[in-house]
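6 protein chains.
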Amino acid sequence: MLDRVLVINPNSTDGVTQAIDDAMTPFRIPGGPRIDCMTLREGPPGVESQSDADAVIAPLCRAIRDAAPETAAFVIACFSDPGLFSAREATARPVLGIAECGILTALTLGHRFGVISILAGSVPRHLRYIAAMGVGQRLAGDLPIGLGVTELGDASSTLGRMIDVGCRLRDQHGAHVLVMGCAGMARYRAELEDAAQIPVVEPTQAAVAMAIGRIRLGWGQCLR
Amino acid sequence: MLDRVLVINPNSTDGVTQAIDDAMTPFRIPGGPRIDCMTLREGPPGVESQSDADAVIAPLCRAIRDAAPETAAFVIACFSDPGLFSAREATARPVLGIAECGILTALTLGHRFGVISILAGSVPRHLRYIAAMGVGQRLAGDLPIGLGVTELGDASSTLGRMIDVGCRLRDQHGAHVLVMGCAGMARYRAELEDAAQIPVVEPTQAAVAMAIGRIRLGWGQCLR
Amino acid sequence: MLDRVLVINPNSTDGVTQAIDDAMTPFRIPGGPRIDCMTLREGPPGVESQSDADAVIAPLCRAIRDAAPETAAFVIACFSDPGLFSAREATARPVLGIAECGILTALTLGHRFGVISILAGSVPRHLRYIAAMGVGQRLAGDLPIGLGVTELGDASSTLGRMIDVGCRLRDQHGAHVLVMGCAGMARYRAELEDAAQIPVVEPTQAAVAMAIGRIRLGWGQCLR
Amino acid sequence: MLDRVLVINPNSTDGVTQAIDDAMTPFRIPGGPRIDCMTLREGPPGVESQSDADAVIAPLCRAIRDAAPETAAFVIACFSDPGLFSAREATARPVLGIAECGILTALTLGHRFGVISILAGSVPRHLRYIAAMGVGQRLAGDLPIGLGVTELGDASSTLGRMIDVGCRLRDQHGAHVLVMGCAGMARYRAELEDAAQIPVVEPTQAAVAMAIGRIRLGWGQCLR
Amino acid sequence: MLDRVLVINPNSTDGVTQAIDDAMTPFRIPGGPRIDCMTLREGPPGVESQSDADAVIAPLCRAIRDAAPETAAFVIACFSDPGLFSAREATARPVLGIAECGILTALTLGHRFGVISILAGSVPRHLRYIAAMGVGQRLAGDLPIGLGVTELGDASSTLGRMIDVGCRLRDQHGAHVLVMGCAGMARYRAELEDAAQIPVVEPTQAAVAMAIGRIRLGWGQCLR
Amino acid sequence: MLDRVLVINPNSTDGVTQAIDDAMTPFRIPGGPRIDCMTLREGPPGVESQSDADAVIAPLCRAIRDAAPETAAFVIACFSDPGLFSAREATARPVLGIAECGILTALTLGHRFGVISILAGSVPRHLRYIAAMGVGQRLAGDLPIGLGVTELGDASSTLGRMIDVGCRLRDQHGAHVLVMGCAGMARYRAELEDAAQIPVVEPTQAAVAMAIGRIRLGWGQCLR
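Chains as they are written, first to last, in this note's numbering: chain E, 28 to 251; chain L, 28 to 251; chain D, 28 to 251; chain U, 28 to 251; chain Z, 28 to 251; chain P, 28 to 251.
Okay, chain E solo, but in the shape it has when bound (with noise of 0.2 Å):
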């Protein structure tokens, strides 16, 4: 059985393709899927505007059809979700969005979730969508560390704004769980979690694990 789970990162920074790769070890296990993960390199160094989300989308579109062929499932690994609905369109195979399935995994975790953003300017796309997939009652807040993707690579001033950001989320906003709203945050994961001390959701952990679960399932997506 085909069994390849593609995770396309749609910027262009290594570094974040890279902290995702890593992500993935708890899933590579002999007997399980292979896990690939590579980088858009049509994208942009980090996906931070309406106008990067839908830049990227034909690329995206066109990686996932090149690659349909030899892939079981799709995880688009921006927490945009971009192109997640014209790509399900260019394939009959899963593709999965971690923005999705972060927040979906996140209700099952905790009542009110609380989103972990880069920028101020990403959080009005955020509620678009949070109100798009119909979840809105859970949300309990949405909030910038106020850095942009490509410097989350550097822990010394990224960890200490999540921590805050997530304390402040789940303390003044009512969050019992919180979602990290860029794949690029991944490495965080678990020092977060063990500063705010409710449980944190990695998107495209939470996404590839419910990639896998299909590719098992041979459930298809949406065609009608």
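A few of these clues could be false.
From the structure, some residues in chain U lie toward chain P, with a derived Cβ separation under 10 Å [stated by the list, open to error]:
1) R152
2) L154
3) R155
Only part of the chain D face toward chain L is listed, based on derived beta-carbon distances under 8 Å [unchecked claim]:
4) T66
5) P72
6) S76
7) Q77
8) D81
9) A82
10) I84
11) A85
12) P86
13) F112
14) E116
15) R155
16) A158
17) A159
FRET-style restraints, in silico, Cβ to Cβ [what the hints assert, rightly or not]:
18) E:A119 - P:A95: 36 to 46 Å
19) U:Q199 - L:R61: 45 to 55 Å
20) Z:D221 - U:Q199: 51 to 61 Å
21) Z:P57 - E:D191: 52 to 62 Å
Calculated directly from the structure, the hints in this document are not laboratory data.
Using N, Cα and C, we set each Cβ at its ideal position, and we do this for glycine too.
Got chain E sorted already, so can you dock chains L, D, U, Z and P onto it with the hints?
Positioned in the frame of chain E, the structure of chains L, D, U, Z and P alone reads:
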């Protein structure tokens, strides 16, 4: 690593447990987790009322507490998700409910989901739960087939009704994906999907897929 | 006409039952219904977790079934409304929950209601219930005072915290009316209202008022 | 203790007031409150439009102000709840609306409520109000019988239409409880419930029940 | 073509009408519609309570009926939208409310809108209306400046408070756009926007813009 | 003052642009703004899928950037509002989408709006967008006529289907106002309204009306 998933059928009908067990086949692969299905002896033949659902909580939590040392994750295989939040207090292991996971998975397969229930009396219970989950905006409808749990084994009467209700949910209520609202319907997934021509979620499979992911990731439950 | 209301305190703390009983004074008038308050012996000292709430359902329903021949309406006097829907299956008499009636009554007293809970762990349970009721749009917030049920009897520590939380709900969360989120808080209603200067609902009183109305009208429960 | 409830029928049709008065019988018991029903002379024969509803506010508030010294609580007996929030500014006594109380009471009797309206033009007014109340998630539907207020006295044409609409709300819209959407329908409650086999709320009765409770408890209105 | 817009200030404070009239300047161009602003003589100095709002409905509708022959569209220039739905029954001409149009326009300028109100007592009235409009999911918050209508003319006290409240809505409540919650605030739009650095909607301008569109298009009101 | 509105039809079908241009007639008055309609050459014949919608974003934003120096406001004339939020990043000029403006305008014309779509596949895309807008509570339904964009020019097949779907939205789904869910339907507005006897919104007209208002007022876009 401990990687056994224990799927507990809270009703005492072995035929249902057997059907669930058959549905687990796709997850049983070399290197994959061990998936055991058990019948809750103390349960009623079918969980068809709120009283039935509430009555199984105590024995269910006992079974979970007893099995926790050798179990990595639990799935409560009844669409009322009986005792889900009590069970999460009873163990630090992940506990997932099939209604919650079936519905969340459906949200990745189509915009509006329809639920096929067993009896009319189940519908308000589902509606309360879907509202508590905060995903009611995505609900197309929840319609019963008018058969009890123990009658589901008879394919001659069951499948036709499921297809009829599924098509009504699709055509009159605007459902883009269907969720089978009882673990005892597991065996009819493929045929129903063929007939309705929209994705059909078998909720125990959806829950076990998410449970396996949780085991791999080692994420616990909200314990605050 | 049978016109006894039985108010069941599902925890085993007699002090709480006594406080509830005191709160019934306004309803005890010549020609008025008989109002009896009982302690559920099998209950825990306080219903503080989902497990506590679920564990009292069986003895509670037994008590209701036993008392049904000489009782016109039942009130479950715990803000988790444990077993409310099971109890409605157990008897054709009206059964009302204090959370449901306290919240519905609050909706007639102010636009946004705030809930004062005992412990932080109660909040998600309340949020699930308020969402299930479909009235979450009216919720200003739900904040805990950090005291368990058996500690509520100590006015020196309790009242001050209730006032503090009540004022925060009013000033920071925009509450126009407060609901006391535990039957054991009954005795503090007047003092809290004086301090907060917005209406305060004591939920057992709200539920008994509605129960008396139901007895007069002879309306049964939804039995379909 | 002052314990008179004044029920004001804001339309000028004495037959409606008489029907309301008859519906008060269950509340008139020795030791119970005095319940007076009055016709608002300045009202139109029926409140059938928004203009009708708005036009009665001034005389209604005058009547309330005039009667306040000898009245403990007021009920506005028109399903548009005309002037409810103005009336609450006009007096410190509790003022309850029959739409609000009828709907809130219905929420304790079934999950989804259906409203039986008089004319099609009433429906958007009800929908605005139900949305303002924040309980729209529980609404199954609101359908008109196509008769004006003054035509409701003719049982031969009215009851059959009410049963027809009630059954459509139950079967096609999923209502578990019905609310009669006009005070002038009061006399048909029992027959409608017998025919529809789901609970039916007569809203003036629901409101008076809550008003009596409020008098007993001495709770005022939100005055901030 | 008849293309006069009549903007009615339902309070009797000429200073407010004058401020509104000044705000109409951008719409007064050669070939453009005639825009007249009138003071409702029968109105109170400011519409600050529900009673105030309800009391102006009758004279407002009379004024509308009187002016209909020579008016193409009406704007009710009070943020409570008093009598909006009655007025729509009083004339077949378009009638727009400034709260409705101000809020709908804000939805095109930012994701979450904040409302700056005059008095704390206005807030629940606004919340009911925003909920009735069905756009509460987009509301960030509604906060008062604590000044009555007739005090708004004093820039020294008003503007500072508006900026303070606007910045709190932006920073603590997450507003992306502000709506000025009183016609009497019209003159402060530009200064407030400069200070808050997010778009600010002056609602009478928003309403007149939509009214002019409706005149051009010749679309009537819902008359069913 | 620069007062040109540029209406961009993102599909390449000149007949649609022509129909839009004809619909602009009411706005073309002496002293009024210049309204130009352009066909996006790079677009597909019709925007019928998410892929179509996403694919036009890049050329659409280029066209907007190119035209910005001589354009005061832009309207994206496709009911999927493709690229609306990217376009708002591409220029400081106001950019309005016809779906957003058509729906918001409908909210001033009736309580529940129905959308007439071209193809069944458009419906989930619309539902996501309406939910993202936060106005789903006002949606009566969204039904397709089963014709593609390029088929809309044939009045013999199109108008009848639109009337049929419009009447179903009105009678079975409770719509009080209809929104035409494709720019290519513009020419049928008056006939549809005559047939359905409820207001019909042509969304490009609604958007241009709002765009003209924005030009007059000089309000920019949210740029934070």
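The hints, checked one at a time:
| no. | hint | verdict |
| --- | --- | --- |
| 1 | R152 | holds (9 Å) |
| 2 | L154 | holds (5 Å) |
| 3 | R155 | holds (6 Å) |
| 4 | T66 | violated (21 Å) |
| 5 | P72 | violated (17 Å) |
| 6 | S76 | holds (6 Å) |
| 7 | Q77 | holds (4 Å) |
| 8 | D81 | holds (5 Å) |
| 9 | A82 | holds (7 Å) |
| 10 | I84 | holds (5 Å) |
| 11 | A85 | holds (7 Å) |
| 12 | P86 | violated (11 Å) |
| 13 | F112 | holds (4 Å) |
| 14 | E116 | holds (5 Å) |
| 15 | R155 | holds (4 Å) |
| 16 | A158 | holds (5 Å) |
| 17 | A159 | holds (4 Å) |
| 18 | E:A119 - P:A95: 36 to 46 Å | holds (40 Å) |
| 19 | U:Q199 - L:R61: 45 to 55 Å | holds (48 Å) |
| 20 | Z:D221 - U:Q199: 51 to 61 Å | holds (55 Å) |
| 21 | Z:P57 - E:D191: 52 to 62 Å | holds (57 Å) |
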